[in-house]
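**Q** Heads up: the sequence lines are chains F and H, in that order.
Residue numbers for the first sequence follow my numbering, beginning at 1 and rising by one.
Residue numbers for the second sequence follow my numbering, beginning at 291 and rising by one.
Hints in this document: simulated from the structure, not taken from any laboratory.
Just to be clear, a hint being listed does not mean it is correct.
[Unchecked claim] Think about it this way: if two alpha-carbon atoms lie no more than 25 Å apart in a straight line, the pair counts; the simulated SDA-like pairs of lysine to any residue are:
#1 257/F x 91/F
#2 391/H x 197/F
#3 499/H x 606/H
#4 420/H x 199/F
#5 201/F x 425/H
#6 281/F x 197/F
#7 420/H x 159/F
#8 499/H x 302/H
#9 164/F x 249/F
#10 391/H x 216/F
#11 443/H x 499/H
#12 419/H x 208/F
#13 344/H x 257/F
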Amino acid sequence: MTLWHKLRPYGMVAPSIIIFSLFFIYPIFYMMYLSLFDWNFISPTKTFVGIQNFVDLLSEPEFRQVLSNTTVYTVLTVALTTGLSLLLALWLNRGHFLYGIVQGAIFSPHIISLVSISLLWSWLMDPEYGLLNWVIGLFGFGKLQWLSHPSTSLISLVIVAVWKGIGYNTLVFIAGLQSIPADIYEAASLDRSKPWTTFTKLILPMLSPTIFFLVIINMIGSFQVFETIAIMTQGGPVNSTNTLVYYIYEYGFRFFKIGYASAAGVILLVIVGILTLVYFKLLSNRVHYR
Amino acid sequence: MARILLKGISKTFKDETVIQDLNLEIKDGSFTVLVGPSGCGKSTTLRMVAGLEKQSGGEIWIDDTCVNDTPPGMRDVAMVFQNYALYPTMTVRGNIEFGLKNRGVPRNERDQLVKDISEIVGLAPFLDKKPQSLSGGQRQRVALARAMVKKPKVFILDEPLSNLDAKLRNQMRTELIQLHKRLGTTFVYVTHDQVEAMSMGDEIVVMNKGAIQQADSPMKLYQDPANLFTAQFIGTPAMNIMNLQDMKGLDIRSDRPVGHVGFRPEQGILNPDRPVEGLVLKGEIVTRESLGAENIYQIRSEAGMFFVKTFLKPLESADTVQVAIPHDQLYYFGKDGGRVYGAGLQERLLVAGGAVV
């Protein structure tokens with residue numbers, strides 16, 4: 001083994017390791033470091049405050065509301081996206097030519113930029129001139145305030161997230177459904193299985209790896225929601241749509257309390273980290289068919 | 291126990307007609323094998339009997355009921371699939387008792403049935419395992435047990451052995467024959483393997499291009515093929531068929547025009563030591579296959595290539611040989627491929643393909 005042979009593999013992986021370290025590993029540790037200080041980004045001195053930032057955060061009612069907003073948003077988004085896309089996938093999986101068009105249509109939101117989507121839905125949800133209020137008006141309902149009222153603002157954001165996510169989720173579900181061999185359904189029909197029994201006893205368990213994958217991916221994504229909030233509500237009204245990442249952004253880059261924001265970042269990191277661990281842990285124990 | 295009757299069945303997929311006007315009676319308690327090359331419609335026929343495929347025309351009767359509009363689960367048939375189609379998320383027990391649960395069989399009765407059946411097929415130690423941790427043969431047994439436990443009137447098996455290795459396949463073949471004897475239920479079995487069909491079936495239905503070529507017992511099929519297709523499909527090697535126009539000087543007396551003459555490879559006598567009354571062909575040995583008890587020769591004659599099979603004889607080393615086929619072992623077919631009965635050779639000893647007697 002020459003020196004070249006020994007070094008070559010390291011040389012090969014070096015570029016990605018350097019980029020990964022510089023833009024992922026280093027910021028994470030620097031954030032952890034910053035979370036122990038009081039600093040405004042500008043002053044030359046950082047004041048060490050220990051875990052005071054965390055204590056402040058957790059005793060702050062606003063932060064608790066942010067956590068609760070984020071959780072409610074995540075649970076609703078994940079449940080609705082996964083549930084609706086499973087239903088859609090079951091319907092689309094029957095393979096009519098029309099379904100190809102529908103599949104393309106529901107997938108398109110996935111490739112549109114979030115900024116465009118946010119602007120689009122801001123118009124649609126405009127309380128005075130929005131299309132949505134006009135449509136529900138046709139059915140005789142009163143006008144909704146959508147993003148402008150604390151009672152409907154969070155659910156309005158959930159609707160946007162579901163609308164964007166449903167295409168991708170449906171596509172993954174269709175792939176999952178198509179990997180179930182047709183003769184399983186045939187065997188079930190010979191076993192006098194009713195459609196509901198076939199679905200709950202055979203299809204759902206066989207789809208469980210897919211469902212699980214989507215739930216975790218959607219959860220991680222939802223916990224980090226930012227763009228729609230920054231563009232559509234800026235966390236308002238009355239903090240009703242303020243979520244973790246937006247909160248971090250506001251404290252870090254608008255109020256310049258970088259230590260405080262870093263502490264919130266650490267909490268987000270812990271939450272996402274736990275979700276990821278759960279994902280890998282359960283994934284490895286998961287029953288895979290075939 | 292059930293008799294199955296197919297009356298004028300046809301099946302079209304989009305514009306393509308797969309089966310046209312198929313009539314067949316499957317006898318009660320028989321082991322009927324549908325055999326034919328791939329794409330001949332045998333699996334489709336089977337799936338129509340099971341109700342997994344809806345026929346485009348005609349009627350299917352099981353016993354005295356027309357099952358045209360009966361869903362698969364209510365036809366009292368059980369099926370073993372080529373890829374087993376086991377429920378991967380259920381244990382072996384779950385797989386076997388799923389059909390019973392759906393029929394509302396009470397728990398203790400179910401347990402007893404599962405216990406009995408798993409002992410018959412030798413699965414008792416594996417009841418709590420998942421199918422993916424079992425071997426191919428064991429999975430096959432689970433599929434069988436799942437079908438048997440429902441005590442169906444008809445057993446339907448769609449190429450159930452094709453995923454097993456040769457040794458296991460032979461073993462399962464014997465087990466299936468024994469199972470059929472023991473249950474006495476009607477078995478309908480699909481295979482593309484004529485050896486499997488011959489060894490298992492007591493009634494064989496040879497199919498080609500969506501039509502039944504011949505339905506008979508194995509021996510009848512072998513000794514008395516109704517047409518060229520059956521003659522060339524059954525037997526290893528298949529029957530030698532020669533074009534009449536390639537056989538110079540052969541004079542056949544027959545009521546109907548004869549297009550082809552055939553004989554089984556095992557009926558050809560290699561270098562006969564006594565004169566034989568029949569057809570004599572002279573040719574050159576192209577290949578020799580020695581299988582121990584039997585030898586198979588491929589011979590090129592002026593009338594075409596043919597095979598000869600000999601039993602318990604030393605391997606022939608000469609390059610050119612004479613092959614004699616006795617009169618009564620010759621088969622005659624018309625130009626349309628149908629069998630011509632009552633034809634015969636004009637003279638007692640014959641010269642064919644330039645060979646000298």
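**Q** Does each hint fit the structure? Answer for all of them.
**A** Each hint tested on the structure:
1. 257/F x 91/F: violated (50 Å)
2. 391/H x 197/F: holds (11 Å)
3. 499/H x 606/H: violated (40 Å)
4. 420/H x 199/F: Since the Cα atoms of residue 420/H and residue 199/F sit roughly 19 Å apart, the hinted pair holds (cutoff 25 Å).
5. 201/F x 425/H: Holds. Residue 201/F to residue 425/H sits at ~24 Å (cutoff 25 Å).
6. 281/F x 197/F: violated (29 Å)
7. 420/H x 159/F: It is violated: about 41 Å lies between the C-alpha atoms, which goes past 25 Å.
8. 499/H x 302/H: Within the cut-off at roughly 13 Å; holds.
9. 164/F x 249/F: The given pair, whose Cα atoms are some 23 Å apart, holds under the 25 Å limit.
10. 391/H x 216/F: Roughly 34 Å separates the two Cα atoms, so the pair is violated.
11. 443/H x 499/H: violated (29 Å)
12. 419/H x 208/F: holds (19 Å)
13. 344/H x 257/F: violated (71 Å)
Of the numbered hints given earlier, the model fails hints 1, 3, 6, 7, 10, 11 and 13; all others are met.
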